[in-house]
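Student: When we follow the working numbering, the leftmost residue of the sequence shown carries the number 1, and every step to the right adds one.
By construction, these hints were calculated from the structure, which means they are not laboratory data.
The beta-carbon is built from N, C-alpha and C at its ideal position, and this holds for glycine as well.
20 Å max Cα-Cα, derived SDA-like pairs, lysine to any residue:
| id | residue 1 | residue 2 |
| --- | --- | --- |
| 1 | LYS206 | GLU135 |
| 2 | LYS71 | VAL114 |
| 3 | LYS206 | VAL42 |
| 4 | LYS278 | ARG312 |
| 5 | LYS71 | ARG34 |
| 6 | LYS206 | VAL129 |
| 7 | LYS206 | PRO89 |
| 8 | LYS124 | ARG37 |
| 9 | LYS71 | ALA109 |
| 10 | LYS206 | VAL165 |
| 11 | LYS206 | GLY96 |
| 12 | LYS206 | VAL138 |
| 13 | LYS206 | HIS181 |
| 14 | LYS124 | LEU41 |
| 15 | LYS278 | SER245 |
| 16 | LYS206 | SER62 |
DEER-style ranges, computed between Cβ atoms:
| id | residue 1 | residue 2 | range |
| --- | --- | --- | --- |
| 17 | GLU178 | ALA112 | 43 to 53 Å |
| 18 | SER308 | GLU268 | 20 to 30 Å |
| 19 | ASP122 | GLU175 | 32 to 42 Å |
| 20 | LEU146 | LEU41 | 40 to 50 Å |
| 21 | GLU137 | LYS73 | 52 to 62 Å |
| 22 | SER48 | ASP270 | 51 to 61 Å |
| 23 | ASP163 | LEU187 | 12 to 22 Å |
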Amino acid sequence: MDKREFGDWGFKLGALALAAFVWFHAVTELSYRRDLRIPLLVEDPPASPTAGDLIVANPIPSHAIVVVSGKGKDLLGLDGDEFLLRVQPSADRGGGRRSFRLTADQVEATEAVVARVEEVSDPKEVEVVLDDRVEREVEVRPYTSLEIADLYTLVGGIRVHPDRVRVSGPARHVEALEFVHTDSLILTGIYEDVETVLDLHVPPGKRLTLSDARATIALNIQELAGDHINNVPVTVRNEGRRRFSAEPSRVAVHVRGGADVIFNLDAETDIGLFVDYKAWRDGESDGTVLVTPNDAFEVLQITPARVSLVERQ
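With the hints as constraints, model all of the structure from the sequences given.
Tutor: Structure follows, in structure tokens:
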């Protein structure tokens, strides 16, 4: 093949590219319409002296479909995030349920946008439920599944900080909320202390805001130990005006728990043995020695397990 044939091919390819460019330019200069997915924002009403502080209480679609028109070259690279369909109910009518028709004049666009919004095609309208904005404090509950390793124990229970948070939002949702829970924490074979930060969650579909987005979960893990402690005092509770003493007034106990806790127990102040006089008087107790609840250790045995009550003179 000689040089003239190569030249012919080059001329033909150049002409084809030019024709394609001219065609593309002509096509993109024509006017078109296309659907575009854009963000939809329904704002809370402005605070009003008469209606108070209202908030949107129901889930609202996050996006809407609009029809835009313009030259092909303007629509080709158009991004839905360059638009925003914004609706703000007024507070004049107070709370309750309202419907709003969505129109093209509610759509905002950045300055760079040349295309025009013709209409909102989906949804055609949104239903908005307004309620009073309130806040209150609720408990934080850890959502955990824990397996402690053999010969170890959890001391002091699961510690959560903060253990309560303030939640704000629509009155109907805030008042129905009893607690918020953490992300799940699943651990097995735990033999050392644990401290981790977990996200907090509210029920899905509720417009609720928390004062804290996360909580710290801490576990104090200690080696398991046991001990026999003598001369532990037994007190009498719920005596009323009369005064009683336990007989014997001191007993022995067998305790079990974390080694650091067990070997530092003070028999006089830490164990908390008692007899309930009112239950004994009413025949509901035979003088059984009870233990003040304590999640740092457990009392396995008390000797003797029952005592008598003697009125003091």
